[in-house]
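Participant: What follows is the residue order along each chain.
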Amino acid sequence: MSEVFGVEKKPFADVWGDTVDLKHLASAMIIGILISLTCYIGGLNYLQANFPKLPVNLMTAYALLIGILGCLLSAIISAKLFKPKRTLNEDHFSEADRDAVLDELNIDREKEAEELKTVGPKIVKEMKDLQIYDLFAKKSVDHKVGE
Amino acid sequence: MDALFFNELLWGLGAALAGGIIFSGIGLISGTDETATIAPLTLLIILLGFPPVAVFAWFIAAAVSKHMTHAIPTALMGVPGDTMAVPMLQDASVLRRLGVPHIALRKMISGSIIAAFVALPISVGFASLLAPYAEAVKSWAPIIFTVAAVIIAYTSNGRWASIFVLIPFAFLMQGLNKMAIAALGKSVFISIFLGIAIGPMFADLVTLLSPVSRHLLLRSQPREFWLAPELKSWKGYFPNPLHVLTGEQKLYTAAAAAIASLTFTFSPVGMTVMAGEIISSRVKSLYQRLTTSLAAMNGVTEATYIAETVIPLMAFGIPLSPMALGPAAPLFNAPPVFTSQPVHNLHNLLAPYQFLLYGFIGVMVASLVAYPFSMNYARKASVWVLQKVSQEAIISMFTGLIIVLSYYEAGVVGIAISITIAILGGILNRYFGIHTGVQYMTYYASGYLVLTLFGIK
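Protein chains in written order, with numbering that gives the first Met the number 0: chain B, 0 to 146; chain V, 0 to 456.
Chain B on its own, in the form it takes in the complex (with noise of 0.2 Å):
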């Protein structure tokens, strides 16, 4: 755990879809390169010395496997050390949340009271089972919103 002076706040960023931290992602990109590019270019010169006689295009596509493999160990390097900057959060659900799911979609409950009876064995019993036949079944009139 890194400790902060006062109230400075962490550079955070969305890069590419996500947030990170802009100190890490900097030594992120750079341990990249590095372990990659060192890869290649020491697979490729271990290769020319060692297997000499290996054709040219098979050399260096050998040597770019090396270097992906650089890849995936700075990935993992990198993941060892910058933690992700995210937090987790469970949904949970009750009876109410889905009634009120429902009203916040506008949904016309007569509507699908009536349109249920029109749905095939299968998925009203695949709806009993995930408990939800009921939801849709009732009609408005039976419908209060309670707590």
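Bear in mind the hints are in silico, worked out from the structure with no lab data behind them.
Just so it is clear, CB atoms sit at the ideal spot from N, CA and C, and this is done for glycine as well.
Hints are supplied without guarantee of correctness; some may be wrong.
[What the hints assert, rightly or not] Now the in silico label distances, taken between C-beta atoms and shown as ranges: (1) V/Thr264 - B/Asp96: 38 to 46 Å; (2) B/Pro120 - V/Tyr376: 25 to 33 Å; (3) V/Lys456 - B/Pro51: 35 to 43 Å.
For this one, chain B is given, so just place chain V on it according to the hints.
Facilitator: Positioned in the frame of chain B, the structure of chain V alone reads:
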């Protein structure tokens, strides 16, 4: 002959298994771009000299598996797995809020399995019908690319901006290519292609480096994710996709997949939205409607993955669809092994029955690897990715990947070219809606455009 066939079969199975396993994992990471992940690794196995049948089986298994595990973030977290998942977010989110996100996931991936099995034979059949026109299409290829570039540009979010930028961008790419020729005596493809793919990331980096624009991307706190609780409701490890969908759902999915397979040049996202709309207007009752349209929409994206790859590849050998310009690009063009002008790639190297057989192997393997995996471990795997795999690690890997691949192709000149393209293309993409498809098509048209307009050969 039999020994040769057996040998190829083993290669195909092995490559499909590898592609299936690797991309089942990559698919879990939400937002990973199809092109930036599938294309480089496919390029690698081509350069390593995998036999053509193995390359094809690998690709199909990889694309189908990634598509399947990509449904996990879409259904469980409301975060699009990839660009094609965006049209499904809304329906998936309603089911998630009703507390049944696992049902959304099951319907989606079961739909995609059925669609994959439907789309493959239809694509192969349709490609055989189009094959007689192949010679004509090939000789008109540069003009077709140019017309396609204009059409794709017009239909992109950038619309007139995309059309306006078309010629300057073509000029830039050919200019950079001439630099590569001056430096190394050969033109480059990988560096330009990867530059376009990774562009949006570089646009973000430049935005952050400038004090003027930095505020656009700065955040004060970590990103929040909401994850649905676990609910398993079948026994054993292998669920049966045919039991997950009702008869009507199977029918809609198969029909949507079949139609989507025939429209290989259109935008996959557009097709998906359309399938969703049509089904929503026909199917009654909320739960039934949402589950049916999700199964069919995910089926459509799956079918477009397959059809957009197989049809142009098998019929023409030149990349004439969004998929062929993106993730599947190395199957068309992976110099020095494959080239599309002149055509020397899987188009010439595979017989129609091989497209069918090794395509099926790819789909089969994906169904045996990615499908049960997504059904059983969806939640555990997403938690693991969210808690262990930081965005920094992903960017570290992609930075390494682009540097190594472009260095492999053209040394430091290659790196310079791909970063130049990445910065400019990325900015055009992020801020002006000129998406990667427009840029790839412009690349394919650029040689002809520059020759015709400026006389530069």
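Participant: It remains to establish, for every hint, whether it holds in the given structure.
Facilitator: Verification of the supplied hints:
For the pair V/Thr264 and B/Asp96, the supplied restraint of 38 to 46 Å holds, since their beta-carbon distance comes to about 44 Å. Distance hint check: the CB atoms of B/Pro120 and V/Tyr376 are about 31 Å apart, consistent with the given range 25 to 33 Å. Hint check: V/Lys456 to B/Pro51, Cβ distance near 38 Å, so the stated range 35 to 43 Å holds.
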